[in-house]
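Can you build the whole structure from these sequences, using the hints too?
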Amino acid sequence: MLKNKVLCRWEPSLKKILFSFNGSLRAIEMSDIIESGLENFFLVNKDKRFDNALSAPVTVQIQTTNKCNFKCEHCYAWSGEKLHKKEISSSEILSLLDRLQKFGVLNIQWVGGEVFVKKGFWKLVEYAQDLGFEQSLLTNGSFFGITSKIEIIERAWSFFDIIQVSVDDYKSYFNSFVHKKAWDMVMNGIKKLSLYKPKDKLLTVATILTKDNVPRLMFLAECLNSHIDVWRLGKEIITGRSKSTQENSIEALFSSFDCLPQLRNRYISMEITHPFDKDPYEESELLLPYDWRSDNGARTFMYIDSTGFAYPFPLLVNMKEFCGGSIFSESLDSIWSSKEFHLYRSVTRNDTGCGGCVEPCQIWPRYHFIQGNSLELTTKPFLHPGCPRCT
1467 MLKNKVLCRW
1477 EPSLKKILFS
1487 FNGSLRAIEM
1497 SDIIESGLEN
1507 FFLVNKDKRF
1517 DNALSAPVTV
1527 QIQTTNKCNF
1537 KCEHCYAWSG
1547 EKLHKKEISS
1557 SEILSLLDRL
1567 QKFGVLNIQW
1577 VGGEVFVKKG
1587 FWKLVEYAQD
1597 LGFEQSLLTN
1607 GSFFGITSKI
1617 EIIERAWSFF
1627 DIIQVSVDDY
1637 KSYFNSFVHK
1647 KAWDMVMNGI
1657 KKLSLYKPKD
1667 KLLTVATILT
1677 KDNVPRLMFL
1687 AECLNSHIDV
1697 WRLGKEIITG
1707 RSKSTQENSI
1717 EALFSSFDCL
1727 PQLRNRYISM
1737 EITHPFDKDP
1747 YEESELLLPY
1757 DWRSDNGART
1767 FMYIDSTGFA
1777 YPFPLLVNMK
1787 EFCGGSIFSE
1797 SLDSIWSSKE
1807 FHLYRSVTRN
1817 DTGCGGCVEP
1827 CQIWPRYHFI
1837 QGNSLELTTK
1847 PFLHPGCPRC
1857 T
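According to the numbering used here, the sequence shown is numbered sequentially starting from 1467.
No lab work stands behind these hints: they were computed from the structure. Errors might be hidden in some of the hints.
Listed next, the in silico DSS-like pairs over lysine-lysine satisfying Cα-Cα at most 25 angstroms (straight line) [claimed, not checked]:
#	residue 1	residue 2
1	1805	1548
2	1481	1512
3	1481	1568
4	1665	1677
5	1647	1658
6	1677	1646
7	1481	1514
8	1551	1537
9	1585	1552
10	1551	1533
11	1533	1471
12	1663	1471
13	1637	1677
14	1585	1665
15	1551	1786
16	1667	1471
17	1646	1533
18	1548	1533
19	1637	1657
20	1709	1471
21	1537	1658
22	1589	1663
23	1482	1514
24	1548	1677
25	1677	1537
26	1481	1537
27	1471	1568
28	1657	1537
29	1537	1647
30	1548	1709
31	1589	1552
32	1637	1533
33	1533	1615
34	1585	1548
35	1786	1533
Okay, the calculated beta carbon distance ranges per label pair [as the list claims (entries may be wrong)]:
#	residue 1	residue 2	range
36	1682	1816	35 to 41 angstroms
37	1664	1721	35 to 41 angstroms
38	1799	1642	41 to 47 angstroms
39	1854	1537	40 to 46 angstroms
40	1552	1809	45 to 51 angstroms
For each residue, glycine too, the CB sits at the ideal point set by N, CA and C.
Below, the structure is given as structure tokens:
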């Protein structure tokens, strides 16, 4: 299925035209568009500049619903069976997509709860494609596991450049974690997504590291290997439904990093990423500043929750001091220009204990230090294996 439009926008800070291709941000000159003969594009001209941010988000993550058929123990959004009384409707999301296109957004990332619990979700995806957005999907995979219709799998891949499935433990431990007997269903979904995935698309699995699941990473890797492109290991954030501690969360990072060489050597068909990984690129090779790749909130990214409130990043959803406003009462420009978003983007890595590090990893951003409903700015380096300050 071909997109009806190619979205692109003039970015004044870069003096280039930005567009997205298979989930990657690209920059071209206007002359390149003219020479290519491309007629089917929608260009948004932006003129406002921001300190430490682009003129508008590249990607907006939309929480279609907070309802979910799982009840994961670490869920930051408290997703579950109950709906918010004032959840955004499908018609309101359709209207929002129109506004996002005109604002210059290039990518839509769909998230829940569980997106397929939302009635009319496919209609939203189809409309976003008609508007020219590139799209990605974050899901628990259960919908793909239970369907017997291969055309639904193929349909999903016709819309989404990236599909990410959350798998946070192994077999019976996974079932206990999500409070449902769902392991076989989710793995079945991953295998079907893998089987019908086009070569230019990405199937990823995200696993939040915990003190409990680290000993079972090898077993989980055995199940995922040869089926997915990327396995993303992440830090547990102590907010929402999480009952862990910051100490246990950090311990899981260290213990998982110890077994990472063995995992990577044994399971070579998939890329395995870890928060301690260094960025593989030199800053001179990058289109955007180095640190924006690990902390894109309010710089190139915006999150809109299922009640219509906007935040720099999903994990800040319970922190009113970072809420830029509601899409129902504010313009997208006023949200992006809000003092709350400015507050978030005004703090950089140089303001933290990781400032000056010549080989920064992915763990430095200050939302790493979220504890409950508060955010602490750490002034000490986060020393860990591979950190140049540890050697």
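For each hint, the structure was consulted:
For the hint linking residue 1805 to residue 1548, the alpha-carbon distance of about 32 angstroms lies beyond 25 angstroms, and the restraint is violated. Between residue 1481 and residue 1512 the alpha-carbon distance is near 10 angstroms, which keeps this suggested pair within the 25 angstroms criterion. For the given pair, residue 1481 sits about 19 angstroms from residue 1568 by alpha-carbon distance, which is consistent with the 25 angstroms threshold. Only pairs whose Cα atoms come within 25 angstroms are accepted, and residue 1665 paired with residue 1677 is rejected, the gap being roughly 35 angstroms.
Under the criterion of a C-alpha separation no larger than 25 angstroms, the hint pairing residue 1647 with residue 1658 is consistent with the structure, at around 19 angstroms. The straight-line distance between the Cα atoms of residue 1677 and residue 1646 is roughly 21 angstroms, inside the 25 angstroms bound, and the hint therefore holds. Proximity of residue 1481 to residue 1514 is assessed by CA-CA distance (about 12 angstroms); at most 25 angstroms being required, the pair is judged to hold. Distance check on the hinted pair: residue 1551 and residue 1537 sit about 19 angstroms apart at the alpha-carbon level, within 25 angstroms; holds.
Restraint check for residue 1585 and residue 1552: the C-alpha separation of about 15 angstroms stays at or below 25 angstroms, so the hint holds. As the CA atoms of residue 1551 and residue 1533 are separated by approximately 11 angstroms, the hinted pair is consistent with the 25 angstroms bound. Using a Cα cut-off of 25 angstroms, the hinted pair residue 1533 and residue 1471 is violated, with the two alpha carbons roughly 32 angstroms apart. Using a Cα cut-off of 25 angstroms, the hinted pair residue 1663 and residue 1471 holds, with the two alpha carbons roughly 23 angstroms apart.
Taking the CA atoms of residue 1637 and residue 1677, the gap is about 17 angstroms. The hint holds against a cut of 25 angstroms. A distance of roughly 30 angstroms separates the Cα atoms of residue 1585 and residue 1665; the hinted pair therefore is violated under the 25 angstroms criterion. A hinted pair counts as satisfied when its Cα atoms are at most 25 angstroms apart, and residue 1551 with residue 1786 qualifies at roughly 19 angstroms. Our distance criterion of 25 angstroms between C-alpha atoms is met by residue 1667 and residue 1471, whose separation comes to about 19 angstroms.
Taking the CA atoms of residue 1646 and residue 1533, the gap is near 15 angstroms; set against the 25 angstroms cutoff, the hint holds. At most 25 angstroms may separate the alpha-carbon atoms for a hinted pair to count; residue 1548 and residue 1533 meet this at roughly 6 angstroms. With a C-alpha separation of about 15 angstroms, the suggested pairing of residue 1637 with residue 1657 holds against the 25 angstroms cut-off. With a C-alpha separation of about 45 angstroms, the suggested pairing of residue 1709 with residue 1471 is violated against the 25 angstroms cut-off.
Proximity of residue 1537 to residue 1658 is assessed by CA-CA distance (about 24 angstroms); at most 25 angstroms being required, the pair is judged to hold. A C-alpha spacing of about 22 angstroms is found between residue 1589 and residue 1663, which places the hinted pair at or below 25 angstroms, so the restraint holds. The suggested pairing of residue 1482 with residue 1514 holds, with an alpha-carbon distance near 14 angstroms, which does not exceed 25 angstroms. For a cut-off of 25 angstroms, the pair hint linking residue 1548 to residue 1677 is broken: about 29 angstroms separates their Cα positions.
A C-alpha spacing of about 19 angstroms is found between residue 1677 and residue 1537, which places the hinted pair at or below 25 angstroms, so the restraint holds. Of the pairs offered as hints, the one joining residue 1481 and residue 1537 is violated, with about 46 angstroms between alpha carbons and a cut-off of 25 angstroms exceeded. A distance of roughly 13 angstroms separates the Cα atoms of residue 1471 and residue 1568; the hinted pair therefore holds under the 25 angstroms criterion. Under the criterion of a C-alpha separation no larger than 25 angstroms, the hint pairing residue 1657 with residue 1537 is consistent with the structure, at around 23 angstroms.
A hinted pair counts as satisfied when its Cα atoms are at most 25 angstroms apart, and residue 1537 with residue 1647 qualifies at roughly 11 angstroms. A threshold of 25 angstroms between alpha carbons decides the hint, and for residue 1548 with residue 1709 the separation of about 20 angstroms falls inside it, so the pair holds. Under the criterion of a C-alpha separation no larger than 25 angstroms, the hint pairing residue 1589 with residue 1552 is consistent with the structure, at around 20 angstroms. With a C-alpha separation of about 24 angstroms, the suggested pair residue 1637 and residue 1533 falls inside the 25 angstroms cut-off, and the hint holds.
With a CA separation close to 24 angstroms, the supplied pair residue 1533 and residue 1615 stays within the 25 angstroms bound. Restraint check for residue 1585 and residue 1548: satisfied, since their Cα atoms lie roughly 15 angstroms apart, inside the 25 angstroms limit. Taking the CA atoms of residue 1786 and residue 1533, the gap is about 22 angstroms. The hint holds against a cut of 25 angstroms. One distance hint, 35 to 41 angstroms for the beta-carbon pair residue 1682 and residue 1816, holds here, with the actual separation near 38 angstroms.
Between residue 1664 and residue 1721 the beta carbons are some 36 angstroms apart, a value that agrees with the proposed interval 35 to 41 angstroms. Between residue 1799 and residue 1642 the CB atoms are about 46 angstroms apart, so this pair conforms to the stated range of 41 to 47 angstroms. The supplied range of 40 to 46 angstroms is met by residue 1854 and residue 1537, whose beta-carbon atoms lie about 41 angstroms from each other. In this structure the supplied range 45 to 51 angstroms is violated for residue 1552 paired with residue 1809, their Cβ-Cβ distance being about 26 angstroms.
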